[in-house]
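Line order of the protein sequences matches chains A and B.
Numbering-wise (my numbering), the first sequence opens with residue 1 and increments by one.
Numbering-wise (my numbering), the second sequence opens with residue 1 and increments by one.
It is possible that some hints are incorrect.
Under 7 angstroms between C-beta atoms, here's a sample of chain B residues computed to sit facing chain A [said to hold, decoys possible]:
id, residue
1, Met32
2, Gln35
3, Ile45
No wet-lab data here; the hints were simulated from the structure.
We treat Cβ as the ideally placed atom computed from N, Cα and C, and that holds for glycine.
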Amino acid sequence: MSEETFEHKPGAYLCGGCGIKDALDMDALEQAVSGGMMVSNVKQSDSFCSGEGYETIKKDIESGEVNQAIIAGCSPRVMVQEFNALGGQIFRANLREQVIWQQPANHEDTQALATDNLRMATTQARKAEPPQAHWDGVTSLKLLVVGGGITGLKAAREASKTGAEVVIVEKTDKLGGWAAKWSKFIPETAPYREPQDNPVPALIKEVEEDDNITVMFNTIVERTEGGPGEFSCRLQTGSDTKWDVFGAVVLATGWRPYESEAQEKFGIGKTDGVITDIEMEEKLAAGELDGVKNIVFIIPGDTDRMVYSSGVSDKVAIKQAMQMVENDSDVMAYIIHEHFRSHGTAEEFYRSAQEKGIIFQRGEVKKIDSDRTVTVDDELLEQEIPMSGIDLVVISTGMVPNSTNIDLEPSEKNPETLCDDINPKAPIFTVNGEEVEDPDADIKSCREKAGEEPPLPGGPLLNLQYRQGPHVPILANGFADSHYICFPYETRRTGIYTAGPVRRAMTATEAMDDAMGATLKAIQAMREANEAKAVHPRAGDLSFPEFGLNICTKCRRCTVECPFGAIDEDPETDYPMINPTRCRRCGTCMGACPVSTISFKNYNPQQVSDMVSAGTEDCPPDKPRILVLACENDAYPAMDMAGIARREANPYMRVIPVRCLGSVTLLWVKTALEKGYDGIMLLGCKSGDDYQCHFVKGSGLAQERMGKVGETLQSMMMEEERVQVNEIAIADSERVTEILNTFGKQIEEIGLNPFKGF
Amino acid sequence: MTAPIPTSKRKYDLNFARWVRDNVAGGDKMNMCMQCGTCSGSCPIGTEMEDGPRKLFMMIRAGMKEEVLSSNSMWECTSCYRCVVRCPRGVPVTYLMQGLAALAAKEGYAPKVENNYFSKFFWMSASKLGKTDERLVPTAYYFSFGFVEGIKRSLANLKIALNMFKAGRMHIGMPHKIRDTKGLQAILAKAREIEDRS
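Using the sequences and the accompanying hints, generate a full structural model.
Put into structure tokens, the structure is as follows:
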């Protein structure tokens with residue numbers, strides 16, 4: 001951390017290309033910049049992204065004349081690599097996507113919007129310093145793979161191919177896990193019509209011959225400390241323990257069979273010839289199925305099981321039926337299902353099964369008699385059908401994730417769920433200002449399923465030394481954490497990546513794909529940690545939160561609310577203390593801090609607060625102003641795309657991209673209301689169990705925090721509707737314009753902010 | 001059609017599905033049915049059927065032999081081929097219907113529907129004369145319901161008949177027939193022979 005003061009040398013570059021100069025008065029902009037914004041070095045060009053214009057900026061930076069380039073032109077989302085290659089700090093004012101492409105040319109409001117965007121960018125630069133690495137030590141580049149099943153083997157092999165050193169920790173005494181027992185695999189290569197050979201034996205051989213890979217049998221991870229690049233793990237083999245340091249962890253602990261009361265009613269284990277699909281798989285591998293002529297596969301439709309099957313058991317039933325028919329063409333195979341799920345390429349597999357004469361019947365199995373007569377309530381015939389003369393009944397099960405180690409005693413603290421820090425009672429405001437009915441439905445279900453009651457069986461897999469507890473966090477139904485929709489391998493523990501059936505039920509081939517993805521993420525995490533940089537989604541970011549301890553009240557909100565467990569309390573002083581490699585630079589701590597004393601070098605409460613003020617500096621008293629704090633990951637690009645589609649937008653919006661909605665502090669909202677903004681819209685990502693928030697909890701936390709703003713507004717005699725939160729996905733470019741324009745109209749109806757002009 | 005139909009007297013017989021698959025024209029394609037109901041929805045006389053084609057196929061799969069063979073569905077089929085054209089899985093529904101009707105007739109399941117009488121007289125005229133006679137076929141059909149019903153039905157259609165006379169579509173005298181009825185008989189005999197052989 002360098003303490004020397006940073007000398008700001010800003011330079012503003014006004015780009016007139018892409019039609020900007022035809023729609024805006026560039027000279028007036030230049031005057032505004034050199035005048036009110038006090039940036040003396042202002043240049044204009046028709047293209048700053050290439051040729052002469054680009055060279056101009058480069059020269060200014062190289063000569064030391066400029067160390068902060070404020071480029072006004074296209075969106076900060078485009079030409080990123082080009083401008084970052086210039087060196088120096090780059091700031092962008094969006095004049096293209098969100099101004100000229102969404103507003104009428106040469107209009108007074110358009111010009112005002114462009115000027116304010118530039119003023120906000122210059123303010124941003126004035127309050128920013130270049131971030132510096134928090135340390136420069138070299139960290140471990142060794143990968144720990146927990147689990148020696150197909151996922152773990154594939155992960156180890158892929159990591160080894162990149163040159164990384166790998167340790168596989170396997171609980172049992174052999175490699176391969178469940179998948180090694182399968183006779184055939186569900187097809188995952190074109191034309192997806194026949195069962196495929198089992199690749200596990202070959203994979204085991206590859207791993208055994210690989211010099212980069214060490215396999216530790218009968219071993220568990222007994223304790224894990226530190227963060228990415230410096231995980232120190234105590235590995236326990238029998239009574240021996242050994243410490244080792246790893247850069248990252250791939251968690252591939254797999255699954256165990258699902259057992260339920262519903263299955264018991266079918267007489268598994270009691271009636272002769274009624275077995276589970278896992279037992280069937282063993283029989284197929286052993287070839288013990290002579291004399292079976294009529295076989296029925298039952299895929300029960302109970303929701304509990306379906307969660308743990310995810311379409312896998314449906315494909316397994318097709319595969320097993322097909323194997324039976326192919327071994328003996330006299331075999332008649334029936335698949336009785338309530339909901340058949342053969343998505344994606346499995347549709348081809350299903351079709352192929354139909355062609356081979358396998359009969360699919362939709363209905364609920366009412367009972368199975370001791371002579372294996374299956375009575376089906378056929379939904380399509382609307383009557384009960386007794387199917388007799390059946391030799392074997394196979395019942396589908398499911399895959400329960402091994403997100404805990406069931407061999408161990410449960411720990412005191414349950415795995416952290418998504419809802420643990422978010423008040424489920426917090427109201428969420430929609431565009432119409434109505435409270436959503438039961439906004440916490442998802443949150444509640446996850447709390448019930450995973451949190452207080454009933455606890456998950458077993459102890460922690462890694463025994464993490466985090467203030468959030470020893471477990472890897474979980475989602476609903478006990479599946480290990482995963483950014484399910486956008487970044488499936490990400491967990492809330494930076495540097496720990498889940499892969500395979502531990503994060504959702506999947507086929508063995510899908511698990512191999514998963515292993516590859518997670519491994520690449522893990523390698524990226526190790527390498528970024530080695531350079532003191534953030535991992536995805538702010539990959540390469542050097543900034544990190546700093547705490548102004550002189551006014552810290554030790555309220556612990558930052559330590560509790562950090563989604564990644566990056567902040568601990570100092571055991572002696574109780575002040576917050578950062579684990580920099582765990583930090584993902586989202587700023588959720590910044591949004592949590594009630595005294596706004598957490599800041600990043602290039603992103604801090606005062607800076608954005610000043611930007612908020614800058615956006616309304618020149619506002620005439622009769623014009624409305626709406627502040628939009630938009631998540632830079634989804635909402636902001638969606639607004640850019642609205643520009644690309646030339647959707648006309650409200651000209652009174654002033655948009656500030658934020659790292660995450662979780663980083664929005666109430667200070668900014670307060671400033672906005674004081675400075676005369678008439679409405680404030682927060683645009684973040686989807687929260688809840690199917691969250692899309694890049695920082696997992698940021699959006700949910702922001703919604704909870706903003707839920708409390710309503711009361712403040714009322715106490716100021718202002719309408720609650722003036723502050724709203726909305727969830728936007730990156731593809732919602734049409735919706736985002738609609739939401740903002742509706743909001744604009746609503747604000748017009750309510751009337752202007754009474755504090756305007758004070 | 002060599003394999004004997006499953007003879008079990010059980011109401012439900014799993015082997016029936018296999019038997020239809022192997023022995024009825026288009027039966028192998030019946031497996032491709034995914035029960036979407038496009039056939040039944042497209043059927044212009046679906047409302048007349050006890051079970052539409054979709055349900056009939058499901059009944060076959062469930063082994064409901066008795067109910068399938070005594071259903072009126074395949075007899076109501078007019079062979080418009082709309083279902084065949086529209087089936088997303090390429091099931092030749094019409095062929096299957098015809099095949100099932102032939103099977104039901106062979107197995108002695110008395111069809112309950114009127115158009116079986118019609119078929120009978122239509123076939124009588126067509127196979128003897130090589131043509132259908134507009135007086136013979138309807139009259140025989142009407143009177144197959146009994147004498148009083150025959151008179152009633154004939155009178156109801158009298159006006160149409162008179163108009164057909166005026167238009168030259170009916171005539172008085174011997175029924176017309178094709179020149180070479182012997183040749184037709186030979187063709188039909190051969191066809192029967194081929195059918196029995198397969």
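Each hint, compared with the structure:
no.	hint	in the structure
1	Met32	holds, 5 angstroms
2	Gln35	holds, 6 angstroms
3	Ile45	violated, 21 angstroms
Checked against the numbered hints above, the structure violates only hint 3.
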